[in-house]
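Visitor: Letter by letter, the chains look like this.
Protein chains: 2
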Amino acid sequence: MTTTGNATRRTRTDGERTKRHILETAVRLATIEGLDGLSIGKLASATGVSKSGVYAHFDSKEDLQLATVETARTLFVDDVVLPAFEADGLKRLIALCESFLSYVENRTLPGGCFFAAAAAELGGRPGPLRERVAENQRDWIGVLTEAAEAAKDKGQLRTDTDVATLVFELNALVIAANTGFILHDDPAIIDQARTAIARVLSATRPNAD
Amino acid sequence: MTTTGNATRRTRTDGERTKRHILETAVRLATIEGLDGLSIGKLASATGVSKSGVYAHFDSKEDLQLATVETARTLFVDDVVLPAFEADGLKRLIALCESFLSYVENRTLPGGCFFAAAAAELGGRPGPLRERVAENQRDWIGVLTEAAEAAKDKGQLRTDTDVATLVFELNALVIAANTGFILHDDPAIIDQARTAIARVLSATRPNAD
DNA sequence: ACACAGTACGACCGATCGTGCTATCTTGTC
DNA sequence: GACAAGATAGCACGATCGGTCGTACTGTGT
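First to last, the protein sequences are chains G and C. Its first residue numbered 1, the first sequence is counted upward by one per residue in our numbering. Its first residue numbered 1001, the second sequence is counted upward by one per residue in our numbering.
Among the hints, erroneous ones may be present.
Claimed, not checked - Stretches of chain C that chain G covers, calculated by requiring three or more beta carbons in the stretch to come under 8 Å of a beta carbon on chain G: (1) 1030-1037; (2) 1112-1126; (3) 1129-1137; (4) 1160-1172; (5) 1190-1198.
To be verified - The calculated lysine-lysine pairs, modelled on DSSO-like cross-linking and capped at a C-alpha distance of 27 Å, are: (6) K91/G / K154/G; (7) K1051/C / K1019/C; (8) K42/G / K19/G; (9) K1042/C / K42/G; (10) K1042/C / K1061/C; (11) K61/G / K1042/C; (12) K91/G / K42/G; (13) K42/G / K61/G; (14) K61/G / K19/G; (15) K1019/C / K1061/C; (16) K1091/C / K42/G; (17) K1061/C / K61/G.
Read the hints as simulated data drawn from the structure, not as lab findings. Virtual Cβ for every residue (Gly too), placed ideally from N, Cα, C.
Can you make the complete structure from the sequences, with help from the hints?
Guide: Listed below in structure tokens is the structure:
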């Protein structure tokens, strides 16, 4: 879009930097105000850029929202998924849950997990925005599932483990931790989730009982 | 507010009926648009009442939102909690989860559980509205906890059962079912939650393994 | 030197927002 | 039937919404 197609042609960096700044602010704002509540005006004054300056980078509000979702995705991948990929098998599965919980606990984003907020907000409203959010959620489930399958193959989980149900449970626990933590401002909820996760996983360890 | 202080004066019923109609519509609308996205104008055209006709019943938008939360609470109590109270102990605990899942699956409200949506929306925004939602969520956890305690006392759960963690897990599972169902429009997710709930409960039955 | 693409601005549009104020019906009480 | 009060509509307000102008500054390529 912004490239001219000419290989020798260099792109000025100012615009890209402003755009990134706008989008990073948009992600943070959207976790509090929602993707819909995030208005161009508020985003403009939050970034110090004029309203039309903001608008210059996007075709429409929906375009801005889609770009915000994409930015939130890369942030999630960098902060939650990739760090956990340094481990393998069961350790990776545990690391994924744990890094999600820290990502919430550390208030990386002021309103907690971006996708949890977006899923709740857009759930009942079909459209390209909801589709992108749903896709990202499926990807996250996919990452958890792959890790669980690998752990099972390694013999770190019972051979009769129902991976889909296990992953459903783990995801439910971390999301509930997110919602509870944000709603009640209580870090104890995160620890409750840690306890629950440990319990669920210990129930599926190979020589349990 | 609406009473004049004169004891002999009776109130006309029309207003109350209209108000109830407005609030019931508001609850449904809020599960899709959010409590903030719900505007007086949209609510007016959805009910067939004029904008000022809607406004006549409330002091401010926040007042309307608080009344909407209260209406959603009674609806939740009537549809989810009370039916389950016909059973006792472990059966009640199971009935609570199941009636919550049906309440979501039957699309009693178009956008799923009102409080799940409200919690996600208001989580990062302190204020009386969030406080009321948080209170209702605590009450729900309380109902689950009482049922679990009773089941434990009856010997239907292991004596070493950590009730708080068990309740956290059950709540997480039904909320995740709600979010997933609304986001992906897939009833299979409700069944996945049923499977997970059965597994969690079977792991805490007295003579397991 | 000059044209042009990229970047950002202020002004403005019609629509809708929440919120008042007033007029007009309707209804129960005397 | 008069009258007070409840219920609702009509209308208008300032603010903000998403979105479109025209414009001006700044580098880069020819």
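Visitor: Output the numbers, in ascending order, of every earlier hint that fails for this structure.
Guide: 12 and 16
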